[in-house]
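K.L.:
From first to last, the protein sequence lines are chains C and U. In case it helps, this note's numbering puts the first sequence at residues 1 to 167. In case it helps, this note's numbering puts the second sequence at residues 168 to 331.
Treat each hint with caution, since some may be false.
[Claimed, not checked] Output of the computed footprint for chain C on chain U, the stretches with three or more beta carbons under 8 angstroms from beta carbons of chain C: (1) 209 to 219; (2) 262 to 273.
[Stated by the list, open to error] To list a few chain C residues with every Cβ distance to chain U over 12 angstroms, as calculated: (3) Ile3; (4) Leu81; (5) Arg133.
If you're looking for bench data, these hints aren't it; they were derived computationally from the structure. All values reported here derive from a predicted model rather than from experimental measurement. Beta carbons: idealized from backbone N, C-alpha and C, even for Gly.
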Amino acid sequence: MAIDEALIEALEAERGVEHVEELGEISAVLIRRYAAAIGETSPLYSDTAYARAQGHADVVAPPNFIAAVINWGPGAPYERLREDGTEADTHLPGVPAKGVRVMGGGEEMTFKRPVVAGTVVTRTTTLADVSERQSSQGPMLVVHYSDQYRDAAGESLLETVRTVLLR
Amino acid sequence: MSVGEATRQGTLHTGSVLPATEYPTSTVQIFRYSAATWNTHRIHYDKDYAVAEGYPDVLVQSHLHGAFLARYCTDWIGENGRLLELGLRVRRFAIAGETLTVLGTVTAVERLDDAHAAIALELIETRGSDGETCASASARIEIPRDWLASTAADDTADQSGTAA
Numbered sequence: 001m002a003i004d005e006a007l008i009e010a011l012e013a014e015r016g017v018e019h020v021e022e023l024g025e026i027s028a029v030l031i032r033r034y035a036a037a038i039g040e041t042s043p044l045y046s047d048t049a050y051a052r053a054q055g056h057a058d059v060v061a062p063p064n065f066i067a068a069v070i071n072w073g074p075g076a077p078y079e080r081l082r083e084d085g086t087e088a089d090t091h092l093p094g095v096p097a098k099g100v101r102v103m104g105g106g107e108e109m110t111f112k113r114p115v116v117a118g119t120v121v122t123r124t125t126t127l128a129d130v131s132e133r134q135s136s137q138g139p140m141l142v143v144h145y146s147d148q149y150r151d152a153a154g155e156s157l158l159e160t161v162r163t164v165l166l167r
Numbered sequence: 168m169s170v171g172e173a174t175r176q177g178t179l180h181t182g183s184v185l186p187a188t189e190y191p192t193s194t195v196q197i198f199r200y201s202a203a204t205w206n207t208h209r210i211h212y213d214k215d216y217a218v219a220e221g222y223p224d225v226l227v228q229s230h231l232h233g234a235f236l237a238r239y240c241t242d243w244i245g246e247n248g249r250l251l252e253l254g255l256r257v258r259r260f261a262i263a264g265e266t267l268t269v270l271g272t273v274t275a276v277e278r279l280d281d282a283h284a285a286i287a288l289e290l291i292e293t294r295g296s297d298g299e300t301c302a303s304a305s306a307r308i309e310i311p312r313d314w315l316a317s318t319a320a321d322d323t324a325d326q327s328g329t330a331a
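From just these sequences and the hints, can you work out the full model?
P.N.:
In structure tokens:
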């Protein structure tokens, strides 16, 4: 499959449909590991006492942590992983598992509140819009997805708009 | 407040260039980042696979570029303000072992109230091997208002004028 009417129709049918996922509790271990992985030296992300002295209940996640996690579950069984090691379900409602080349086109993040260890996070993903564009390699679709990350009280933590290019 | 932060008072205006910061990368870091984000894409840990895909080595993840750009902002602000927005574009790949350098330029300033201001930053992340841009970002940061130069023009009115 390439860019055709059926694909555009499938994406248009997704426009505005909300997909709500419970991502679970953001643990201090996950935060400390992420901070170590990116080379963070600020104790805000690793030292509970320091974070408390700054007015937080516990260590704080680096800004783009919750947007960076690829899979919040255990992951698919090995026989269901693709040749490149990724899973078919890649957080892209309306995009078929095969036949379309998916490229990242950037991400806009708006940080609403610090994500503190112990926060239980819900993500609502919505396909915002689809548009067609001619590229040097033929027709391409530009898709924008909106992700709303909220805590258990419904307070907004992070809003992102992802741009995904389909060929 | 550190010496660096004290010397910022009264200095910032549109066009101010922030200090460049280097972020070294390594195969171990890229592996650990994949583990911390449960990213199973082989392009980040299987060099044979990366070579078969046409790259010289395993690739830095898009979100790790984003993490460096976010860190550049949060390290610079310290506890004095906060990162409000970050818009990221990854333009070219970076392989394990590259040192990435981030440089920020103030593109707009806006006085929010008596104590606070917001600045817009354009960030460029380049790779050490050839100086090419790997990622770019626009950021919006809240800072103490007294970091602005007294002569710094508030850009809000100019922007709305341009838009109209």
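K.L.:
Does each hint hold? Answer for all of them.
P.N.:
Consistency of the hints with the structure:
1. Check on the segment 209 to 219 of chain U: 4 of its residues sit with their Cβ under 8 angstroms from a Cβ of chain C, so the three-residue criterion for coverage holds.
2. By the rule of at least three residues with a Cβ nearer than 8 angstroms to a Cβ of chain C, the coverage given for the segment 262 to 273 of chain U is violated, with 0 such residues.
3. The non-interface label for Ile3 (chain C) is consistent with chain U: the shortest C-beta to C-beta separation is roughly 22 angstroms, beyond 12 angstroms.
4. For Leu81 (chain C), the shortest C-beta to C-beta distance to chain U comes to about 6 angstroms, within the 12 angstroms cut-off, and the non-interface label is violated.
5. Residue placement check: Arg133 (chain C) keeps its beta carbon more than 12 angstroms from all beta carbons of chain U (closest about 16 angstroms).
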